[in-house]
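*Asks:* All chains, please: the whole structure from these sequences, using the hints.
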Amino acid sequence: MKERALQVLLVEDNAGDVRLLREMFNGEKPGSFELTHLLRMSEAETHLAKGGVDIVLLDMGLPDGHGLDTVRRAHRVAPNIPMIVLTGLDDEALAAEAMKEGAQDYLIKGQIENRALPRALRHAIERHRMQTETDLIRTQQLHFKDQFLSHVSHELRSPLSAIRQFVTILLDGLAGELQPEQHEYMGIVLRNVKQLQAMINDLLEVSRVQAGKLMIEPQCTSISEAIAYAVDTLQGAATAKRIVLSSDAGCQLPSICTDPTRLRQILIILVDNAIKFTPPDGEVKIQARVCENDPSLLVLEVSDSGCGISPDMTERIFERLFQTSDPSLEGRKGLGLGLYICKELVRRQGGQIWAKSTPGQGSVFSVTLPIFSLPALISPAFRKEGRADGPVTLVVTEIGSQSGWLSDEVRAEQSHGVREVLQRCLHSHLDVLLPKMGVAGAVELFFIVAITDAIGGKAISKRIREQLHDHVQQAGLTLSTSYQSIAPAGRHSGESIEAFLEQLASGIQELINAKISSEEDGQCVTKRF
Amino acid sequence: MRNKKILIVDDDPDVLQGMHVRLKANHYDICLAGDTFSAVAEARRSSPDLILLDLGLPAGGGFLVMERLKMIPSLAIIPIIIVSARDGLGNQKRALDAGAKAFLQKPVDDAELLAVIRQALGESVRKDPPTFYDLGRI
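Protein chains in written order, with the working numbering: chain A, 1 to 529; chain B, 1 to 138.
No lab work stands behind these hints: they were computed from the structure.
The structure displayed is predicted, hence computed values, not measured ones.
Virtual Cβ for every residue (Gly too), placed ideally from N, Cα, C.
Treat the hints with care, since some could be wrong.
Unchecked claim - Here are the computed distance ranges between Cβ atoms for each label pair:
hint, chain 1, residue 1, chain 2, residue 2, range
1, B, 93, A, 108, 23 to 33 Å
2, A, 229, B, 122, 19 to 29 Å
3, B, 60, A, 213, 22 to 32 Å
4, B, 5, A, 145, 42 to 52 Å
*Replies:* So this is what it looks like as structure tokens:
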């Protein structure tokens with residue numbers, strides 16, 4: 001069978017270089033390569049978009065594109081086509097960077113040996129093909145492992161479910177009173193069933209971590225509630241070992257931006273571990289406070305009076321499947337996944353976790369998590385600056401929450417910061433704003449009130465107009481108000497705050513683009529996501 | 001006051017029996033079904049106040065049961081709680097989107113199950129009045 005000619009796209013603006021490169025194909029069998037030559041990046045993009053190219057030879061200095069930018073642009077249009085960059089002698093470091101951006105190889109102009117070019121092209125294509133294949137196999141393997149784990153855990157859970165049901169039926173005396181000894185033994189069965197259940201969950205969780213599928217939905221979360229929950233859940237286990245489990249978390253602590261379920265999970269893992277490694281009559285304490293060095297973080301500490309961890313182990317304990325090799329630490333049960341899951345959960349929520357310990361005197365596990373800040377969350381929505389040539393648009397956003405997205409207390413607590421953001425937003429636009437004042441139509445003010453209720457939104461819209469009336473008159477501005485109705489993202493819809501804000505930002509942009517305005521108060525634009 | 005009636009749908013007879021004992025002890029009347037078809041038939045026959053529904057069922061599955069029930073006006077309003085051994089990821093959202101009141105993962109904690117049942121049975125619709133938020137002077 002006759003082999004198809006390899007389609008090579010050469011993007012190079014230097015005629016001398018082009019001639020040299022063409023000559024390098026002279027020794028090849030006719031029909032093995034077909035060279036298309038283009039001068040500009042924009043032409044190359046159009047050509048690549050049409051498809052049919054096997055490999056790109058890309059100069060990194062073009063009239064309409066330079067350096068890594070050319071590589072990125074080519075990669076964006078044709079992510080699955082191998083690329084070799086051509087560079088000058090002094091640009092080798094840059095070429096190495098290009099490899100990170102997806103180039104298969106780089107060739108230094110003037111240093112390409114005869115016949116080396118066709119070989120480099122063939123190698124690049126082959127390497128790219130192998131890489132694509134490896135990626136595909138890896139994805140398939142991950143998928144298979146996921147399916148397998150999901151299947152196995154389902155199959156394990158069903159019989160476990162029946163065991164748990166009947167054990168609790170017996171324990172609760174629904175099938176007749178138990179003798180004290182029988183009751184005790186059934187209690188042991190139940191404890192072990194729960195342990196098995198936790199292990200199955202851990203297995204699934206770890207497979208999710210590795211597949212990047214860990215679900216985390218950060219929202220405004222109360223730390224004291226989570227601590228109370230953990231104490232409640234594990235009080236029994238502590239009392240059984242005569243361990244004093246206490247917490248010290250002031251109710252004045254700020255809320256944090258985290259997934260409440262995940263926060264509870266983190267606390268349970270840490271406290272459960274502390275109880276396991278603390279001998280009877282010991283002590284386990286949960287504390288929380290605002291971080292001394294960084295007021296945007298909250299520090300959560302679980303300390304115990306247990307056996308401690310040797311200094312060389314304080315980092316290794318967070319590794320996957322880590323098990324202590326110390327035979328004196330009896331009572332240790334589990335897969336060695338808890339702290340690993342904990343670390344991943346903390347890390348993905350923008351926090352850190354570490355352990356400090358003095359062997360024989362107990363350990364302290366510390367977690368930092370970001371404090372919830374509405375101003376910080378909404379700030380990105382104000383980054384859409386007015387262009388110097390277009391009318392200035394100011395966007396003011398208020399996130400509404402009758403449906404309990406934020407409690408009244410949190411809103412009150414955050415209102416000052418929100419106001420500051422709004423003020424800063426107005427202020428930062430002043431230099432663009434001032435020269436345009438008095439020019440009709442040059443300045444538009446948009447106030448977008450995001451609130452869940454149409455009536456509420458309308459009322460607030462009106463209120464803002466009234467409040468700003470004098471200022472606007474003095475400045476000679478045109479004032480438009482509109483609002484968006486946005487159902488709060490939250491637990492039920494399974495959306496994260498980030499997703500919510502992204503929607504909000506795109507919604508704002510949409511409104512700006514559509515230039516929605518109202519001459520009279522009352523015309524409202526409602527948009528539901 | 002008559003006891004509330006709960007239909008339990010699960011293809012595992014052991015689970016059915018266990019739930020039966022537990023809920024009966026809590027003064028609920030119980031009816032049972034073991035597959036997709038008999039779940040709908042039993043719901044029609046006994047008009048329960050609540051359905052505990054497994055997802056992995058012979059002849060269709062829990063989601064199909066929900067779809068079928070939705071087409072019968074008198075049965076469409078019965079609150080449904082999903083009790084499944086399947087992974088919550090994805091299934092939970094799908095179940096809630098389909099109209100389930102809750103998604104519980106097997107093995108279920110008895111106290112949690114009873115609390116969710118009580119909540120689903122006594123649910124009242126409450127709408128909060130809008131709150132206003134003073135932006136202050138800008």
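*Asks:* Run through the hints listed earlier and report the numbers of any the structure violates, in increasing order.
*Replies:* Checked against the structure, the only hint that fails is number 1, while the rest are satisfied.
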